[in-house]
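Residues in the sequence shown are numbered from 1 upward in steps of one, following our numbering.
Rather than coming from a laboratory, the hints here were simulated on the basis of the structure. Predicted model only: the values in this text are computed from it and were never measured. Careful: at least some of the hints might be erroneous.
Claimed, not checked - Computed cross-link-like contacts, PhoX-like style, restricted to lysine-lysine with a CA-CA straight-line distance of at most 25 Å:
#1 K60 / K8
#2 K127 / K104
#3 K150 / K104
#4 K104 / K60
#5 K127 / K60
#6 K60 / K150
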Amino acid sequence: MDVTVITKRRLVRIAAFSLAIAVGWFAISLARTIREIPEGYAAWDTGTLLTTYMDQNDGKWPSSWDELATVIGDGQPMLFSHSDSDGNSISNTAYINKLRSMIKVDWSFDPVPGTTDSPVTRIDGSKFRTVWVGAEPNEMVRSFIVHHAKHPEPDG
(Lines of atoms letter the chains of each structure in order from A and count residues from 1; the text may use other names and numbers.)
(Lines give C-alpha, C1' and ligand atoms only; values in the text may rest on other atoms or scores of the structure.)
Protein backbone atom coordinates (compact mmCIF):
# COMPACT_ATOMS: atom_id res chain seq x y z
CA MET A 1 0.00 0.00 0.00
CA ASP A 2 1.17 3.47 -0.81
CA VAL A 3 2.45 5.50 2.18
CA THR A 4 0.80 8.64 0.75
CA VAL A 5 -2.66 7.00 0.85
CA ILE A 6 -2.18 5.98 4.50
CA THR A 7 -1.02 9.47 5.42
CA LYS A 8 -3.97 11.10 3.64
CA ARG A 9 -6.40 8.70 5.31
CA ARG A 10 -4.83 9.45 8.71
CA LEU A 11 -5.03 13.19 8.07
CA VAL A 12 -8.71 12.92 7.12
CA ARG A 13 -9.43 10.98 10.32
CA ILE A 14 -7.55 13.51 12.43
CA ALA A 15 -9.39 16.38 10.75
CA ALA A 16 -12.78 14.66 11.23
CA PHE A 17 -11.99 13.92 14.87
CA SER A 18 -10.85 17.50 15.47
CA LEU A 19 -13.99 18.86 13.82
CA ALA A 20 -16.17 16.59 15.95
CA ILE A 21 -14.39 17.80 19.12
CA ALA A 22 -14.81 21.46 18.10
CA VAL A 23 -18.51 21.05 17.24
CA GLY A 24 -19.11 19.17 20.50
CA TRP A 25 -17.33 21.83 22.55
CA PHE A 26 -19.34 24.57 20.83
CA ALA A 27 -22.63 22.71 21.41
CA ILE A 28 -21.87 22.14 25.09
CA SER A 29 -20.88 25.81 25.56
CA LEU A 30 -24.02 27.00 23.80
CA ALA A 31 -26.25 24.69 25.86
CA ARG A 32 -24.59 25.85 29.11
CA THR A 33 -25.08 29.50 28.17
CA ILE A 34 -28.73 28.98 27.25
CA ARG A 35 -29.30 27.08 30.49
CA GLU A 36 -27.67 29.89 32.49
CA ILE A 37 -29.56 32.79 30.89
CA PRO A 38 -32.34 32.69 33.51
CA GLU A 39 -29.68 32.84 36.23
CA GLY A 40 -28.08 35.82 34.46
CA TYR A 41 -31.40 37.65 34.43
CA ALA A 42 -31.99 36.77 38.08
CA ALA A 43 -28.54 38.16 38.94
CA TRP A 44 -29.33 41.34 37.01
CA ASP A 45 -32.67 41.70 38.78
CA THR A 46 -31.07 41.12 42.17
CA GLY A 47 -28.49 43.83 41.51
CA THR A 48 -31.27 46.18 40.38
CA LEU A 49 -33.33 45.47 43.49
CA LEU A 50 -30.33 45.87 45.79
CA THR A 51 -29.33 49.23 44.34
CA THR A 52 -32.96 50.39 44.37
CA TYR A 53 -33.26 49.35 48.01
CA MET A 54 -30.04 51.16 48.96
CA ASP A 55 -31.17 54.23 47.02
CA GLN A 56 -34.47 54.32 48.88
CA ASN A 57 -32.87 53.62 52.28
CA ASP A 58 -29.92 56.05 52.39
CA GLY A 59 -27.34 53.44 51.35
CA LYS A 60 -28.45 50.84 53.92
CA TRP A 61 -28.03 47.18 52.94
CA PRO A 62 -31.16 44.97 53.25
CA SER A 63 -31.16 42.21 55.85
CA SER A 64 -33.26 39.61 54.00
CA TRP A 65 -35.13 38.72 50.83
CA ASP A 66 -38.34 39.89 52.50
CA GLU A 67 -36.83 43.30 53.18
CA LEU A 68 -35.50 43.46 49.62
CA ALA A 69 -38.98 42.64 48.29
CA THR A 70 -40.30 45.92 49.73
CA VAL A 71 -38.87 47.84 46.75
CA ILE A 72 -40.79 45.87 44.14
CA GLY A 73 -43.60 48.00 42.82
CA ASP A 74 -44.96 50.22 40.10
CA GLY A 75 -42.48 52.66 38.66
CA GLN A 76 -39.47 50.52 39.62
CA PRO A 77 -36.79 49.58 37.12
CA MET A 78 -37.80 46.87 34.68
CA LEU A 79 -37.35 43.44 36.19
CA PHE A 80 -36.64 40.82 33.54
CA SER A 81 -37.38 37.64 35.41
CA HIS A 82 -40.60 38.85 37.05
CA SER A 83 -42.53 36.30 34.97
CA ASP A 84 -43.00 32.57 34.64
CA SER A 85 -41.59 30.43 31.84
CA ASP A 86 -44.53 31.40 29.60
CA GLY A 87 -43.95 35.14 30.09
CA ASN A 88 -46.91 35.65 32.44
CA SER A 89 -46.40 38.04 35.35
CA ILE A 90 -45.99 36.34 38.74
CA SER A 91 -46.70 37.60 42.26
CA ASN A 92 -43.99 39.45 44.17
CA THR A 93 -43.76 36.53 46.61
CA ALA A 94 -43.29 34.02 43.78
CA TYR A 95 -40.77 36.35 42.18
CA ILE A 96 -38.67 36.68 45.35
CA ASN A 97 -38.84 32.90 45.83
CA LYS A 98 -37.61 32.48 42.25
CA LEU A 99 -34.64 34.80 42.90
CA ARG A 100 -33.94 33.12 46.25
CA SER A 101 -33.73 29.73 44.50
CA MET A 102 -31.14 31.02 42.01
CA ILE A 103 -29.13 33.70 43.80
CA LYS A 104 -27.29 33.89 47.13
CA VAL A 105 -26.96 37.25 48.90
CA ASP A 106 -24.68 37.96 51.86
CA TRP A 107 -27.12 39.84 54.09
CA SER A 108 -24.28 40.81 56.47
CA PHE A 109 -22.45 42.75 53.71
CA ASP A 110 -21.24 46.22 54.74
CA PRO A 111 -21.64 48.63 51.79
CA VAL A 112 -18.60 50.84 52.36
CA PRO A 113 -16.72 52.72 49.63
CA GLY A 114 -13.69 50.86 48.31
CA THR A 115 -15.04 47.39 49.06
CA THR A 116 -14.09 44.63 46.67
CA ASP A 117 -16.41 42.09 48.29
CA SER A 118 -18.93 40.23 46.15
CA PRO A 119 -22.07 39.87 48.26
CA VAL A 120 -24.13 38.40 45.39
CA THR A 121 -23.22 34.97 44.02
CA ARG A 122 -24.67 31.89 42.43
CA ILE A 123 -26.63 29.75 44.86
CA ASP A 124 -23.54 27.57 45.45
CA GLY A 125 -21.44 30.65 46.31
CA SER A 126 -19.47 30.74 43.05
CA LYS A 127 -19.16 33.64 40.61
CA PHE A 128 -21.69 34.11 37.83
CA ARG A 129 -20.67 32.63 34.48
CA THR A 130 -23.26 34.39 32.32
CA VAL A 131 -23.82 38.12 32.87
CA TRP A 132 -24.31 41.13 30.67
CA VAL A 133 -21.97 44.12 30.61
CA GLY A 134 -23.15 46.57 33.25
CA ALA A 135 -25.50 44.00 34.80
CA GLU A 136 -23.18 41.98 37.03
CA PRO A 137 -24.84 42.52 40.44
CA ASN A 138 -21.63 43.05 42.42
CA GLU A 139 -20.44 45.68 39.95
CA MET A 140 -23.85 47.36 40.19
CA VAL A 141 -23.65 47.41 44.00
CA ARG A 142 -20.04 48.68 44.11
CA SER A 143 -20.85 51.37 41.51
CA PHE A 144 -23.84 52.50 43.56
CA ILE A 145 -21.71 52.65 46.73
CA VAL A 146 -19.06 54.78 45.00
CA HIS A 147 -21.69 57.10 43.47
CA HIS A 148 -23.58 57.39 46.77
CA ALA A 149 -20.34 58.27 48.61
CA LYS A 150 -19.51 61.00 46.06
CA HIS A 151 -23.06 62.38 45.97
CA PRO A 152 -24.71 61.88 49.36
CA GLU A 153 -28.38 62.74 49.73
CA PRO A 154 -28.91 66.24 51.17
CA ASP A 155 -30.27 66.31 54.71
CA GLY A 156 -33.99 66.93 54.82
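Outcome of the hint check:
Between K60 and K8, the direct Cα distance comes to roughly 69 Å. Violation of the 25 Å bound is thereby established for this hinted pair. As the CA atoms of K127 and K104 are separated by approximately 10 Å, the hinted pair is consistent with the 25 Å bound. For the suggested pair K150 and K104, the alpha carbons sit about 28 Å apart, so the restraint of at most 25 Å is broken. Proximity of K104 to K60 is assessed by CA-CA distance (about 18 Å); at most 25 Å being required, the pair is judged to hold.
For the hint pairing K127 with K60, the CA-to-CA distance comes to about 24 Å; that is within 25 Å, so the pair holds. Of the pairs offered as hints, the one joining K60 and K150 holds, with about 16 Å between alpha carbons and a cut-off of 25 Å not exceeded.
In terms of the numbered hints stated before, the structure departs from hints 1, 3, listed from lowest to highest.
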